[in-house]
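A.B. asks: Each chain, written out:
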Amino acid sequence: MRARADLTGRLLRVLRQNLPRYVLGAVAVIAFIALWAFVSWYLQDTGSPKAIYVPSPARVADAFFGSFSLLPGLEEITMWDLISSSLGRVLLGYAIALVIGFPAGLLMGSYWSADALGRPILEMFRPIPPLAWVPVFVFVFGALWGPVGIVFLGAFFPILINVMFGVKSVDPSLVDAARTLGARRRDIFVKVTMPTTIPYLMTGLKVGIGIAWMCIVAAEAIGLRGGAGLGYYISLSSLQFGLWPQTYATMIVIGILSMVTTGLASLLEQRFYKWSGMK
Amino acid sequence: MVGDEVSISLRNLRKVFVDGQRQLVTLDDFNLDVLAGEIVCLLGPSGCGKTTVLRIISGLELATGGSVLVNGKQVTAAGPDRGLVFQEFALFPWRTVRKNIEFGLEVKGVLEDERHRISSKYIDLVGLTGFEDAHPRELSGGMKQRVGIARALANEPAVLLMDEPFGSLDAQTRNLMQKELLRIWAATRKTIVFVTHSVDEAVFLGDRVVVMTARPGKVREIIAVDLPRPRERTSQDFIRVRGKVLAELDEEFEKARARELSPE
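For the protein sequence lines, the chains are H and D, in the order given. If you read the first sequence in the numbering used here, its first letter stands for residue 1, the second for the next number, and so on. If you read the second sequence in the numbering used here, its first letter stands for residue 1, the second for the next number, and so on.
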């Protein structure tokens, strides 16, 4: 009971302290929506041919809420289906990036030979934007697996590089301490290197999930054939059907998904930094 | 408490650090015997290689020449029979006090119940009861070093090597920790090699104080502190021994400074 009262009190205090921030933020959001409504109205009013590209906020809101029961143009499926197929691909590509990137980063951070082997390949492929691979991947792996591959590429590098950096940041005095306590190489790896690296892995995962969302949308949008997803519907609703309110509604869904997943990753990251005692 | 068997024997110790083209002779012909159960304090100007001596005994650093015997065995690598206590504590920040202390036991494969029993014993010995589940970041400097000492002792090493362990503590905590160390020493009878910058600390703790020369470090003078414990810092005898150590050290400081000022 007491703890709950404390928590409520703390929340209220935080709210009160940050009230000016929230007020200003709300003002900016409202101003933005008002500007949008005005531009939309002005274009309609003047009979501009561009008016269809800027539907009013109300129509986008309608499209947004409507899309969860019915998607115009795709009678069989709803926004939920688009979300689940895109989210599935993102998580799959992301998971593969984690499963390969984490050990690869540990190896490259720990052994000069692994670094010497991996580094040239890494530096060769890293500057190529993942999206440049979309045509190749979609043709080779198909509309379902191609986007997964693109997400993998996008998330892989931040994970790998952060883990490598984490291994390099191991405090040498902790290694000394472990050695004088009788630790062998394997013990040092498991009990010193790994715990130090985990927060860095979390940073890589946080950066990676944001990039993963950018990748999935573009990969799905370009790789049109089959394999419904959010990116696919953005491209379909606008270019094929001219249903611009649906396009914007889907964009908003992607924004929310990316924000929520990045927020979760960020929370995990903070937890682990605190756990490791480094922040 | 001090026996007459030699615990640590350092013979003709030499250490050269190579940095690109330059060779830095840190230790040269360093000889020292430490008796079992004795506290020996190493004192000397900065850069004289005090810490290097300690790291060589611990096995973290290998000597370029000479021999290091600990209880008759040649030192070739770091090992749990020689505990090291660090100036900056070097505690594992993600481990609780108890888990830090149990590190060496885990590595040795001691089972959980037994680990718990041993760590409890040392938590008790160093006065950390009630802080078992705290993390290092929640502890003061003095408390952190209690963990450092308990962690080294939990392996039941023959010798305890201490590298300016109280150097980053405030003066009051430092004095308290010196008394605590003597209490722990009386209870465990470890051989202790203690590196310090402080003449006062060396005379307060040591059975003998080794004054080292400026680089390359060797033994300049070994001063026996024949004062009964507990020692009184303000007593005539304490001040007399302190003065003797200080005089030796001052000459080395002067030499070190003169060399710094003159071009090589």
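Derived by calculation from the structure, the hints in this document are not laboratory data. Treat the hints loosely; a few may be bogus.
[As the list claims (entries may be wrong)] Here are a few chain H residues that face chain D, going by a calculated C-beta distance under 10 Å:
| # | residue |
| --- | --- |
| 1 | Glu75 |
| 2 | Thr78 |
| 3 | Asp171 |
| 4 | Ser173 |
We put the beta carbon where it would ideally sit given N, CA and C, even for glycine.
A.B. asks: Give a verdict on every hint.
C.D. replies: For each hint, the structure was consulted:
Checking glutamate 75 of chain H against chain D: minimum C-beta separation of about 54 Å lies over 10 Å; hint violated. Interface hint status for threonine 78 of chain H: violated, as the beta-carbon distance to the closest one in chain D is roughly 45 Å, over 10 Å. Because the smallest distance between the Cβ of aspartate 171 of chain H and any Cβ of chain D comes to about 8 Å, under 10 Å, the interface hint for this residue holds. This hint holds: serine 173 of chain H has a C-beta 4 Å from the nearest C-beta of chain D, less than the 10 Å allowed.
When held up to the earlier numbered hints, the structure conflicts with 1 and 2 and fits the remainder.
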